[in-house]
Structures are given as structure tokens and as C-alpha cells.
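Make a model of the complete structure from these sequences and hints.
Here the protein sequences line up with chains A and B, keeping their order.
Take 1 as the starting number for the first sequence in the numbering used here and just add one per residue.
Take 1001 as the starting number for the second sequence in the numbering used here and just add one per residue.
By construction, these hints were calculated from the structure, which means they are not laboratory data.
Small disclaimer: the values here were computed from a predicted structure and weren't measured.
Any given hint could turn out to be false.
Claimed, not checked - Just a few of them, taken from the derived set where beta-carbon distance is under 10 Å, the chain A residues facing chain B: (1) F53; (2) G70; (3) P72; (4) P73; (5) V78; (6) I80; (7) F82.
Every residue gets a Cβ at the ideal spot worked out from N, C-alpha and C, and that includes glycine.
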Amino acid sequence: MDNILEIKNLSKHFDDFTAVKNVDFSVEEGGFFSILGSSGCGKTTLLRIIAGFQQESEGDVIIRGQSMKGIPPEKRPVNIVFQNLALFPMMNVRENVAFGLKRQKLNRAVINSKVNEMLERVGLHGYENKKVTDLSGGQRQRVAIARSLVMNPSILLLDEPLGALDRKLREHMKVELKLLQKEIGTTFVYITHDQSEALVMSDKVAVMHDGQFEQIDTPRNLYKNPRTSFVAGFVGDTNRFELLSTEGNSMMTKGGWKMPQADLNNKTPNIKELYIRPEALILNPANNLNGLNDIEQLQFEVTIKTILFDGSNTKLSTMVNGSSEELLISLPQNAQFDGIEEGNQLKVGIHRNDLKCF
Amino acid sequence: MNSNNKNNFNITFYLLIVPVLIWLIFMIVIPHVELLISSFQIEDDMGERVFSFGNYIEFFSQKIYWLTFVKTAAYSIAVTILAFIIAFPIAFYLTKVTSKKNAGFLMLLLLIPLWVGELVTVYGWMVLLGDHGVINHFLITIGIINEPINMLYNNFSMVVGLLYMSMLFMVIPVMSTLQSMDDSLIEAACDLGASKWDIFTKIIIPYSMPGITSGAIIVFMLVIGDYLAPNLLGGKHSLWFTEQIYNDFLSTFNWNEGAAFGFLLLMLSSGIIWLALKLSGQKLEKVGS
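In C-alpha cells, the structure reads:
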């Protein structure tokens, strides 16, 4: 598929710091592309540059093969859903959604039919004459999205639009947004600090840190094969260990946990950090994990310190025996581990592929 | 327990409401009732006060009275509109364009005329606008004109004075609504393809309408009821209705007619505000908040 949006070596300098540094990426037509990063990483600046509200210092934004240099926001084929939605409070739902179409001086009948169709699509049929201040959070959300989508943009930019919703509604809207995007086929560029939003909805996710892209990948790859230590630490839960020595075939963490060298191919000679996901650990493993040989697996014993109960997200806080390292392990909520108690010793196994070193 | 709470509530409630009621009754209701009664009275040949519509009939039969009345209304509306035209860019600049620090300083400058009082500012304008005043002197010195321009004691100087003393009361409410407006509304409109004019007329003005309305009401009331600026700056050629009332009370000692004129002015200003609210689709409760 063709790339609808190409960002070429984009940088943005402010007086004394650089918000976006040499960012380079492209988005496929019809894709759901997320930019994930903590607040202050420059993702909002990047989005505002794409929308045309801020000028890039260097580089170029190319939409459908056309450079956007010098084109004002109102002329760009993109629309933006703002973080606080920015609905016009003095207008009702219909007037909000029709605002952009009216600016195009379209025939009233055309505007009406487009607005009705869009409201139908986002499930707001029958709310046309309600004031936007009388709507619930989720409904306001949908008005904002409808207001932008009705303009039929090449790209819809979304600036953390779910941030203000409560958790339950956010979970719901995540799925709804994803389905809506699939249905209408518009390219979405979505920025968020919430990794779950990014992972659930996106086809591709870019992790942004300090104005730079750390990795652009599918959600699954981002989680499974983080390419930098920042991504490993940022996406998903993880245990992080500092490595003291990586001599020969073994390595040791700062807290004295010895294990065989994880990086089988020894690609990076100077590895300093080790990341282990809590859910990658296998409790009470068979002596041979799925028939893996000794080199491909690692088995060790831990002592349980506390059980951090959190429903499906329950974790064990443990100490690795023979060291002073703490290790969080996911505890599946099934009958197998019902009897587990603080102070118990446990055998734990892990695939060597799941030891991520940087 | 419940009834006890209720009693406590009642006592506090009355303690709070009594000063307000006293003020309302003695300062507002009684004087107005008194005015209303005396406006329907004239003194007969014996000096006795008798009921009559004479004061109101006098108003409508004398051309000068209702001409002044209409002129006062028209000029008050004009001054209110001018105040909006001047104050809105100021309010917009202070809230959306300049930095917070600058805005505070500029606001202070705007407030200065309020500190010195209307009389002093009116005299200030007389110094500026007079035949031998600052402006004429300057223009003659640099040779643009030979004869002083007559700027004082006409409608122009009166409007200038009225604008100057009332403008701030338009700036402040408009500023407070503009302050509550999120900048992303402007960006959203821009993003949806709105031109600068569209943004101004479709977003900014409708959003600040409650502030504009309350500012307009304050300015209108101040202007229509003002006495100093029309009297000192307007001179003999620009009669203001308050001057008629003043004459009745203090020059001709016809208090009954003065009371009737006062009531007519009250009716006029209330009527115009009611009409303006109807036309602009605003509600008084919303404007007040």
C-alpha cells in the first residue's frame, strides 16, 4: 500500500531545547499509527507540526506525495481531535459537526445528509439538537470525532482524546475507535501516553522518547522484541536488572544473581541491562520447558515476599534465592496456584529468548 | 436532630438575609415608591399635592423633553456600541495575545482613570480638548491648522467623555469570558477550515456573548444615567435627560416632574435592556453569572 504520510527528517527547535529530533517515518494508507511516549517527549509538538499549527525547524511533512511546507492548517487535508475535544460550547451537536462543512459553502441539503450520516455512524442519532454541554464524556468524544471525520480528511490526527475519560469508558472507547477506524478506513495518527491504548488499537506504534523515535513496530513486536532499553522498560511491565559483568558464558546482576549469558549470539558485547517480563516467567516448570535443552532455558528458585493481588493482574513479589535481587512474577489466577503463600519457595523457569539484554 | 439542623439553618439564614432586606427596602423600594407616588402628583393653586397625570402629560406635550429623551437613548446605545468596538480588541489583546506579565501591567494602566474619579477625568478631557487645550495647541504649533478646532462643548466631546468613563466596564466582563475560552477552540475552528473572519464571528463573539451582554448593560446604564460628562463636556448644545431631571429638582424645584422624569428614564433604560436581551437571545441569569 502507498504511504499517505511521510515525515522526512523532521526537527523542531525551541529557544533552548529541541522538542523533536530527526524524526523519520511513514504511515500507510488506511493504517492506525500510534505515537507512544510519556508527557513532554515531543509527541504533541510532532502532531501539531503535522496539523500545521507549528512550523518545523527542519525536515518536511509530506501528505499524499505533496509537501506541506507553507500550507496553513485550514488548507491541509488533515483534521485533528483535540485532547480536550474543543467542542464549541455555544452550538448544539448538529452545528458542531456541520461547522466545517458550512465553511466549505456546501449546499444545505448536502451538509444535512452528511451530518446525519456521520452522526448515525458514531451512534449519536437522535442527539442532533442536544447541547454539547449536556452530553456525557463518551458522547462528547464521539461528537469531536464526528466533527473531524465529516470533513473526510486524508489523515485524522488524535491527540490523547481518551485521556479525560474514566477507566471503564476508556476501555470501551478503545475498542469502539478501533472498529470505527476499520469501518471507515481513514488513516489515523494517534498520540497517547497510555501504552494499552496504543497496543490495542494500532497497526503500528512508534515509541517516542526525548524527541526521538526509539522504535517503530507492530504492537506485538514492540512487546516481544524491544530494540532499545527504553522500549523494553516503557512498553509493558518488566523487571529491570543492572548487569555487573558479562564474562564468557555467564553474567551477574548487581544484586549477585548469576546466570548463563543470555545473549546467545553475543551481538552486543557491552550489555548493561537485563529486562524480564513478569508474565514471561513460568511457575513450577517441567524440567525441560517444551523440550528445550539446557542452553535454551533458565531455571532458578525464588522465595515469595508478598502477593500483590490485583485480579487478573496479580503479581508475586519474590527474592531470587542466593542473591538480593527482587523479581516480580505474574501469578495466573487459576486453581493451580491457589495454595501459594508468602515465604514459599518456588521453582521458576524462563526461555532464554525472553531475557532481553541491552 | 433533623429539626435542630433546620433551626440552625433558619437562624443563620435570617442573619444573612436581614441586612440585605434592610438595604433593599430602605434604599431601593421606599425611595422608588415615594418617587412613583410623587410623580403622579402636582401642586394645585393652594400648594396642596393632588393626584394628576400632569407631569407625564407635560413630558409628552413639550417637544424639548421627549427629544432629549430620544437623543439620550440613541446616544447611549451608540456609546455602548462604540465602547464594545473599542473594548473588544483591548480585551482580546490582554487575554489572548500578550503575555500574562504584560497583561497585568496594561490592566493597571486601564484602571488608573477609575482611581481618580469621573470628575477629574472629565476635567482632564476639558484640558485636552479645549480651544486652548493640549491638542489644539499642538496642532497649531506644528502648523497643521491656524485656528483652533472646536472640540469641546459638543456631542463629540460628550461621547468621548462617556466612552472614557464607561469603557473599562466593557473590557472587564469581556476579558473574563475570553479568559475562560480555551485556545484550542480557535485552533479547532481553524482546523475545520474557518477563515479569520469566521473564527471571529462564529466562535469568539458567540463565546464571549455573555460577557459582552453584561458589559453592554453596565455601560448602557452608566451612560444613560450619567450627568457629569454630558453636563461638563457636552455643554449647552447636547442636552442629556439627566440634566432635565437635575433642573427639575435643583433649578425649578419641581420635584414632582423630576420624579416623573426619573421614572421615565428608569422605564426607558429597562425597556431598552429588555429589548436588547430579547434580540440577542441572551438570558439575564446567564449574563449575571
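Hints and how they fare:
no., hint, in the structure
1, F53, "holds (6 Å)"
2, G70, "violated (16 Å)"
3, P72, "holds (8 Å)"
4, P73, "holds (5 Å)"
5, V78, "holds (8 Å)"
6, I80, "holds (5 Å)"
7, F82, "holds (5 Å)"
Of the hints listed earlier, the one the structure fails to meet is number 2.
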